[in-house]
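S.K.: Same order as they appear, the protein sequences are chains U and D. If you read the first sequence in this note's numbering, its first letter stands for residue 3, the second for the next number, and so on. If you read the second sequence in this note's numbering, its first letter stands for residue -19, the second for the next number, and so on.
What the hints contain is simulated information worked out from the structure, not anything from laboratory work. Quick reminder that beta carbons are idealized off the backbone N, C-alpha and C, glycines included. Fair warning: there could be bad hints in the mix.
With the Cβ distance kept under 8 angstroms, some of the chain U side facing chain D (calculated, not the full set) [to be verified]:
| # | residue |
| --- | --- |
| 1 | Tyr62 |
| 2 | Ala103 |
| 3 | Glu164 |
| 4 | Gly171 |
| 5 | Lys174 |
| 6 | Val205 |
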Amino acid sequence: MPTVDLSKSSLRELNQALHDIPPGSNETSWEVVNPKGSHAVAVGVDKPVAVDVRGSVGYYCGGMNDGGAITVHGSAGPGVGENMMSGSIVVKGDASQYAGATARGGLLVIEGNASSRCGISMKGVDIVVHGSIGHMSAFMAQSGNLVVLGDAGDALGDSIYEAKLYVRGKVKSLGADCVKKKMHPKHIERLQKLLDAAGVKGVKPEEFTRYGSARTLYNFNIDNADAY
Amino acid sequence: MTYKNPPTTPRKSATFDDYTLSEIRRAAATGIYDIRGGGAKRKLPHFDDLLFLGASISRYPLEGYRERCDTSVVLGTRFAKKPIELKIPITIAGMSFGSLSGPAKEALGRGATLAGTSTTTGDGGMTEEERGHSKTLVYQYLPSRYGMNPRDLRRADAIEIVVGQGAKPGGGGMLLGQKISDRVANMRNLPKGIDQRSACRHPDWTGPDDLEIKILEVREITNWEKPIYIKVGGARPYYDTALAVKAGADVVVLDGMQGGTAATQEVFIENVGQPTLACIRPAVQALQDLGMHRKVQLIVSGGIRNGADVAKALALGADAVSIGTAALVALGDQDPHWEEEYNKLGTTAGAYDDWHEGKDPAGITTQDPELMKRVDPAAAGRRLANYLKVMTLETQTIARSCGKNDVHNLEPEDLCALTVEAAAMAQVPLAGTSWIPGKGGF
Chain U
3 MPTVDLSKSS LRELNQALHD IPPGSNETSW EVVNPKGSHA VAVGVDKPVA
53 VDVRGSVGYY CGGMNDGGAI TVHGSAGPGV GENMMSGSIV VKGDASQYAG
103 ATARGGLLVI EGNASSRCGI SMKGVDIVVH GSIGHMSAFM AQSGNLVVLG
153 DAGDALGDSI YEAKLYVRGK VKSLGADCVK KKMHPKHIER LQKLLDAAGV
203 KGVKPEEFTR YGSARTLYNF NIDNADAY
Chain D
-19 MTYKNPPTTP RKSATFDDYT LSEIRRAAAT GIYDIRGGGA KRKLPHFDDL
31 LFLGASISRY PLEGYRERCD TSVVLGTRFA KKPIELKIPI TIAGMSFGSL
81 SGPAKEALGR GATLAGTSTT TGDGGMTEEE RGHSKTLVYQ YLPSRYGMNP
131 RDLRRADAIE IVVGQGAKPG GGGMLLGQKI SDRVANMRNL PKGIDQRSAC
181 RHPDWTGPDD LEIKILEVRE ITNWEKPIYI KVGGARPYYD TALAVKAGAD
231 VVVLDGMQGG TAATQEVFIE NVGQPTLACI RPAVQALQDL GMHRKVQLIV
281 SGGIRNGADV AKALALGADA VSIGTAALVA LGDQDPHWEE EYNKLGTTAG
331 AYDDWHEGKD PAGITTQDPE LMKRVDPAAA GRRLANYLKV MTLETQTIAR
381 SCGKNDVHNL EPEDLCALTV EAAAMAQVPL AGTSWIPGKG GF
């Protein structure tokens, strides 16, 4: 298992090494030690490799991940997994703002809490937060699923499009055009799969409430101006 | 002899002119603001208010058509491993697939490539037709991140982080449902037929310190190969340029209020932002104060129409210019050939600006499959290349007349201003005087 020590190697060397992994390589399991809050750790990974980061990271860890299985054994700064395409990112601790921003695919798991704007403008990713999420989460969320085992802050799902939000705890307030929706069997089934994928035990899909778009703001209507 | 009371000539108000009256009536009837495409239409201090002095006893001209006058420019020399080299200092500005038709985007790529310059994607991602037909393609990184992915990031030649644009500094965009075809909807991960907001702020960074980290991330993803531009609207050009440099930009793109947009509120276009002419000197000053002029390249856009405008922008300190509206006209937009159809839309060639409605008779700002057939990408690309060639020749003509063997050697000293306003904004003397407003205590 290749190990990159960020107290000895530069960020550039780490990311270049990850980008240079040839297709079909046997070096599929990487470890990063001493990240010390570095920004842009393991960004642009485009091979199905596992990257275990032993410690906390700064901004944009796993940014644009496309196939990697990245685990942060610590907490993550803003924008973890931004614009992820596929693969997975697991944060064992907490995540700061904009976790999973604009991400298009893959699975982002935050085992602690996530801050504000979690899943902002998400475009297909699945996000599972074991704890709670902050205000303005899933703002303009386009597609994908956001699952929250704890509570959600103010203005959840403001101006949401087709993303699906599942919250087990309390929602402080809903944003414009975001409404409570009925859980159908297909949602229960989907949610169970997401919980399983995220390693959540002892929690039933039926404990969640689903939220999504009322679709009243999809086409501009002057009579809705007060909603903006 | 008896006198009748002599009548006074009916007089319309300069304040409440015909346009203003019509807009009040329109607003009263509909209850919604006017949305349109394009840039500021009002009369603004512009490059027309500047003149070149030309050569004289103390300045030696170069021979036209004989003595070399270089026009090439290299962008991205600060950090990028692979800076881009353009034959001419005129680039094609970012315009989205979605707001423009596929054939129009292809034509822009063809024209730019023939002329030896770059074209730019827009809010909607990179299309195969423009990547395939563009030798040098700048990939925009926008707040919406529509179509953003690492594969396209890596096959771009440069990356432009869009903070704002001149037509609407501080504004997002709206692509109305009628332009959302299946293809556009798919590229943007949204249902067909709904209005698509393009956000006004980036989702995952705020402020210059965050931007610096965002740039680090993008550079790491692309292995520090690509030049990174930051595009700002003409809001606070001195500070925006300084902060872009601080954040790590290779190139600053500065777009004045005459720069076009696909669709924004008329009130925004006409009342927010500064004219292009007013933006250049503060931006250049910021670069000079930081010791970064010519190290971080400056691209200026917004109302560039001909070689004289190019030469003036370069003389004021820009490294290159960018054109959008003019490029669309070269492709065939606003052509009187379609006058009858413009009339049916209640407008006339040259004034058509309801681009968001997707009914462009010229087939450019539309997703209508029939209308877009009117753009022959090869022929339209050729026209754009011709136009770029003419602009370049014009720029060289002026540069030679000022004795410069490189268009980038043009300087403020070569200019004078026709108006006090232009003299103040461009920081060049009023014609016939040595007076630069604000300089020397006056």
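S.K.: Hint by hint, note whether the structure agrees.
M.R.: We went through each hint and held it up to the structure:
no. : hint   : result
1   : Tyr62  : holds (4 angstroms)
2   : Ala103 : holds (4 angstroms)
3   : Glu164 : holds (6 angstroms)
4   : Gly171 : violated (24 angstroms)
5   : Lys174 : violated (21 angstroms)
6   : Val205 : violated (29 angstroms)
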